[in-house]
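Participant: So the chains spell out like this:
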Amino acid sequence: MARTHVSGTFKILWKPKLGLDKEGDRMQEAVLQEEVHEEKIDLKLWRQILQLAKPYRRYVVFAILGTVAMAAGDALFPYMTKVAIDRFIVPETTEGLPLFSVGFGILVVMQSLNVYIFIKMAGKIESGVTYTIRKVGFEHLHKLSFSFYDKRAAGWLLARLTSDVNRLGEIISWSLIDLLWGGVAMIFYAIVMFTMNWRLALLTIVVLPVLAVASVYFQKQILRAYRNVRKMNSKITGAFSEGIMGATTTKILSREEENLQEFKTLTGGLRASSIRAATFSALYLPIVLMLGSIGTSLTLWAGGNGVVAGTITYGVLVAFASYTIQFFEPVREIARIFAELQMAHAAAERVMGLINTEPEIQDRPGLKDEWPYLEGAVEFENVSFAYNPLEPVLSDFNLKVRPGQTIALVGETGSGKSTIVNLACRFYEPTSGRILIDGVDYRERPVKWLQSNLGYVLQSPHLFSGTIRENIRYGRLQASDEEVERAATLVNAHEFIVKLPQGYDTEVGEGGGLLSTGQKQLISFARAILADPRIFVLDEATSSIDTETEMLIQDAIRKVLQGRTSFIIAHRLSTVRSADVILVIRDGKVQEKGNHNELMAAKGYYYRLYTNQFLEG
Amino acid sequence: MKSIRILWNYMGKNRLLYLGAILSVGLASLASISAPLVIRITIDNIIGDEPLAAPLLIRNFVENIGQAFWVPGIVLIIITIFRGLFMFLRGRLASQASEGIAKNIRDRVYNHIQHLPYKYHKEADSGDLMQRCTSDVETIRRFLGVQLVEMGSSLFMVVLIISIMLRADRRMTMLSVITLPIIFAFAILFFLKVKKAFREADEAEAALTTVLQENLTGIRVVRAFANQDYEIDRFDEKNQVNRDKLYHLIWLLACYWGGSDLMAFFQIALVVISGTYFAAQGEITMGTMALFTTYIGMLVWPVRQLGRLLTDLGKAVVAADRLQEILDEPREELVENSEQPPVTGDIVFDNVCFGYEPGQRVLENVSFEVKAGQTVALLGHTGSGKSSLVHLLARLYDYEEGSIKIGGRELKTIDKRWMRKNVAVVSQEPFLFAKTIRENITLASGNVDDEELYAICQQAAIHDVILSFSQGYDTLVGERGVSVSGGQRQRIAIARALITHSPILIFDDSLSAVDTETDVAIQRALEKRSDKTTTFLISHRITSLAGADLILVLDHGRIVQSGTHDELMKVDGPYARIWDIQNTLEAEIRA
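Those sequence lines, one after another, are chains A and B. The numbering used here numbers the first residue of the first sequence as 1 and each following residue consecutively. The numbering used here numbers the first residue of the second sequence as 1 and each following residue consecutively.
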């Protein structure tokens, strides 16, 4: 009754259907960035992960009970054959057969029940653990500062909380339980075999060490080969993505042939590495079987002689023939899981690394929750800042902004404009010096105090999937429909919104792909104005918008700025002109400062920048 | 049936390899079922003294070995070696075949996609296309490489075992197969039913991923409105749904495996008990009994597999259909004629009409004339037809009426790819490939020496930026390399266009993300270039257009104004109006 054990094949049978194997496609860059870790298993790390599985202790206990019972059942099946032969066939009697049948029936029902419990509990643990790790991870993501996000691509982070967490969940549920099954089953098999006939048992397990070594070697090679396949696969996914997204570019450049050649190299590589991986797996099972057949042959030889000599019963011989084959199954399982555990280590490290990252910006301990109304006075006091210690971006920066003033920041990309804004918003904190909000160092207040009074409109407005109404309401979740529409009307968005087929209930599509850039900007202004922030930050876009929409936007900006302290990374002339203070930033320093008329009179950099617009006029 | 023919066609030249794999499957199955026979013979005929019902050759062999038990042992090992060999061949050949097939499909689909017309790509849902190119190909590969072979192997086993069983004992055989149809049907029914649960689990995970992704890309927006708690709740909701759907799915599977195990174990128990009964009654030999108890295990599990595999056939068929939909899209006719006349920048539009959909004209009776070396500026609303007009020049679309003459030749008679090699287009949101910057710039030009490359990049005002990257021109662009801003991207694309020295150059709003100062620098550099190049400029920044030799103002596909800046400024029309709006401050500066 050699059968492939349910838990081992189970994963292979249904996991692909769940779509979990698509991780490679979805997270292509994750695989590319996946450094090859193959160190020894770090116990501390796994202990921490097991901590996260703590709420599911109850299920773990049941899973263990089910697994142990299942291993016992597996060990009992060949034994039943032995009993049948020695008890009934050889003595040629059917006396007691009904009782035997009942016993067998009970075993059958028990074993099916064990299988059910085992899978159900593993399912509870897997779904629960992935849920918990994801929840903890997501909540932690919202505590981390922007410096963390600046260093990591969104795709990389996404892969941590999707494919890596899935892998961890699988490992903790299926792999650990399978490992347990393997260990327990081996012990049970050994016990039954040694009680039946210890000499024969010894002969059978002679090949065991060889099998163990071969299994460990092959499982490692197989996993490594498949990892290569995954890497190649993600490259091909990347190439497909380029081929599709860049199809029009390819056409314009007439580059179809060259692209196809490059693509063929990739697919050829994938074919080669896939065949290599398949060859390794195709080699492994025959080797196991051959080793197994040596065990069976030895049993047959010694057992046959034993039966003839009368030292061994027929039943024992037949049962041993089954055990020699079955005994190898747990060994293979254990080897597979150890290989998997080593590979999963990298995933575990990345996920836990994310959860263990200390947020750089945290509230000081012991801050109370209630704080006064934020007026909007901002003061930079000898502020220096560097993203990394070797390259200071800002040094000894001083600026005093009264409530309601508009500050325009002008300068080239990389000059430090955004840094000033990021510091003012407390997305970063100064390396040295202080930033005072309403006369108090903002580090003495909770992060939320400032940030809940902040409005922020980005260069490329980011909308969430959902309707336009939901997107505007994002500014203040409690706002009524009337308030949403009032905000939209104020920034000139109402008119185009009601013209859409579904009006405010139009889905914006992922990333707002269905709306034009100008429309998205207007919606993001409505969102900001609904939030009614005390401090407003605008990163103006240089994007190309036709003149009429441009005028609507300028009008919207004017309304949004009214009565708020504002920082604007400015590109539009009208906004620059009407600012109370214009700062021309170059290489992290304020090169010019003043209002429009003062700077024009100074005939410096600002003057040149400004007049350039009209040089051809 | 059509889909199965499609799958058959995909196999192509790999059919022979496949045949080898199937043959190996058969031989491996044969070897695996003969191992229990050896055990049976050992028990019945070597240890016991039952007469052996076998061909004379085997009978003689068995009689000759007497009680030398090492002989069946060796025979068993030899059989296993054969079995192993064929199993290996099966795996190896099947993977060679399926990987070859997958490669062919991938190459074919990729190439086909590249050759689909411009219009197709403008309207295509790229996510859906991606899905088809990756998951669907993968589904077919897995089906051909693993599932089909497994199915063949299971079928072989079932047929061979039942026929051997029948020879050994008819009544026992009947008892051995009694629940098999039920197990088989149960598997098929279950996996058909459970599809919904699989889909729901997939969808729940996708929904979760969407929220996560939005949070990661929009983290600043979330923080700026202090909506962290709201997002955490939103995520938790999706996370819970995902957890419950996943658990529900696994629970269904637990029911299935538990249920089908119950039936399978029941079948095994039935064979063991009835075998015992018959053997005890002396109706069958002990060897036969041992044979049945071994074979029943080899029979039950493949039958269960078979049911599941059959439901996978459905998925492969759907995947093949979805791929075929792409392959059935007509390709763009590239070599309808192979005329490759020298292309110059002398362009004449004569009453050109064009529309993407029949009856909806995007361009209406457009006529104008440009001489080589001149600059044409196009101004108009979004959707006024500016981009369509320049796309006609690159033969990305074909005009319906009227005529376009390039250097005196009708555009339609010139080879499309030849035309594209002579028209350099820079779009507003240019696409860069995941290659180095140098490779990206020289994509269309082939190898260029450094001196020229640098000169071109200086004209495009991007040279200094490139040098500031750690790896200079060898810096990788994209996810794995440096991320370039929109303006830098546009300038790299401009360099990519300039380096081809095409006689016709099109800037389709391609300086929009560049600051004014750089814009001016690039315009100056362009003016200094050879006066043979005809340049088309599309921009909303009216000052960028003012220096053109010919300014065309488009509205709803018609040219409403044309002339030079000075001419247009004299008339009260859209050009002068837009100019005034954008330059309300002009007077102040001049003052």
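Treat the hints with care, since some could be wrong.
Selected chain A positions facing chain B (in silico; Cβ < 7 Å) [stated by the list, open to error]: (1) Val102; (2) Val108; (3) Thr162; (4) Lys235; (5) Glu256; (6) Ser273; (7) Arg276; (8) Phe280.
If you are wondering where the hints come from, they were derived from the structure by calculation, not from laboratory data. All residues carry an ideal CB built from backbone N, CA and C; glycine is no exception.
Participant: With a cut-off of 7 Å on the beta carbons, see whether Thr162(A) makes it to chain B.
Facilitator: Interface hint status for Thr162(A): holds (6 Å vs cutoff 7 Å).
Participant: Tell me if the interface restraint on Arg276(A) is satisfied: Cβ within less than 7 Å of some Cβ in chain B.
Facilitator: Hint on Arg276(A): violated, closest Cβ of chain B at ~9 Å, above 7 Å.
Participant: Let me know if the C-beta of Glu256(A) comes in closer than 7 Å to any C-beta of chain B, holds or violated.
Facilitator: Holds, about 5 Å.
Participant: Hint check: is the beta carbon of Val102(A) less than 7 Å from a beta carbon of chain B?
Facilitator: Violated, about 10 Å.
Participant: Restraint: Lys235(A) near chain B, CB-CB cut 7 Å. Satisfied or not?
Facilitator: With a minimum Cβ separation of about 10 Å from chain B (threshold 7 Å), the hint on Lys235(A) is violated.
Participant: Should the hint that Phe280(A) touches chain B count as held when the rule is a Cβ pair under 7 Å?
Facilitator: violated (9 Å)
Participant: Checking hints one by one. Is Val108(A) an interface residue toward chain B, by the C-beta closer than 7 Å rule?
Facilitator: holds (4 Å)
Participant: Under 7 Å, Cβ to Cβ, is where Ser273(A) needs to be relative to chain B, so tell me if that hint holds or is violated.
Facilitator: Check failed: Cβ of Ser273(A) comes no nearer than 9 Å to chain B, outside 7 Å.
Hint violations for this structure: numbers 1, 4, 6, 7, 8, all remaining hints satisfied.
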